[in-house]
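> Chains E and Y supply the protein sequences, listed in that same order. For the first sequence, position 9 matches number 9 in the working numbering, and the numbering has no gaps at all. For the second sequence, position 38 matches number 1038 in the working numbering, and the numbering has no gaps at all.
The list that follows gives simulated cross-link-like pairs (lysine to aspartate or glutamate, EDC-like), each with its CA atoms no further than 16 Å apart:
(1) E:98 with Y:1102
(2) E:98 with Y:1096
(3) Y:1011 with Y:1085
(4) E:106 with E:82
(5) E:98 with Y:1056
(6) E:110 with E:15
(7) E:98 with Y:1057
In case anyone wonders, no lab produced these hints; they're calculated from the structure.
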Amino acid sequence: DAKTTQPNSMESNEEEPVHLPCNHSTISGTDYIHWYRQLPSQGPEYVIHGLTSNVNNRMASLAIAEDRKSSTLILHRATLRDAAVYYCILRAPYNFNKFYFGSGTKLNVKP
Amino acid sequence: EAGVAQSPRYKIIEKRQSVAFWCNPISGHATLYWYQQILGQGPKLLIQFQNNGVVDDSQLPKDRFSAERLKGVDSTLKIQPAKLEDSAVYLCASSDGGALRDTQYFGPGTRLTVL
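Okay, chain E solo, but in the shape it has when bound (with noise of 0.2 Å):
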């Protein structure tokens, strides 16, 4: 029962931005969007989260739409070490908290 939308993969040139969408239509208020990615052989690591606005870190930005039904995670300038599996994940507070995964998006950067 996933319930966000990713497209299977992606490609990026080194250096330039990348723009990766999620879909989520039945993302309920309370729902937060979280971001994980996961390099080869390793756990999937935190990347960014918001609830409505946008928010920026060090390592990414988050655009969250209006509506909340969708979300898109930009990495300002692609580098090789960021080829991983990008997960759009819904995170639900008031359901212990649980992590609804999707099957993500493989990010290929090219030198």
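Starting from the known structure of chain E, arrange chain Y on it as the hints suggest.
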């Protein structure tokens, strides 16, 4: 700060054998999660503990899988007997349980191959 520790990193067994995985969460984290990640898929939650109590085990195949978290710290996940379809990476994660942020921190995982 030490991260989430898991062992072993790799395990190969034959079907119908038993196997156990161990997880040590980040110190002070009240919530512990076990996920199963089949190749090419996102992680699927198997069981969630709050301290040493089970919060959600709705997707745990209870006829063969069991998990415990004694004293609210370390946790063990067991499969007995294993099936071919149990081949996957088993991820452990922990969080401090704060509702507003509640970031989950993942361990490196245990890759299980069932032959």
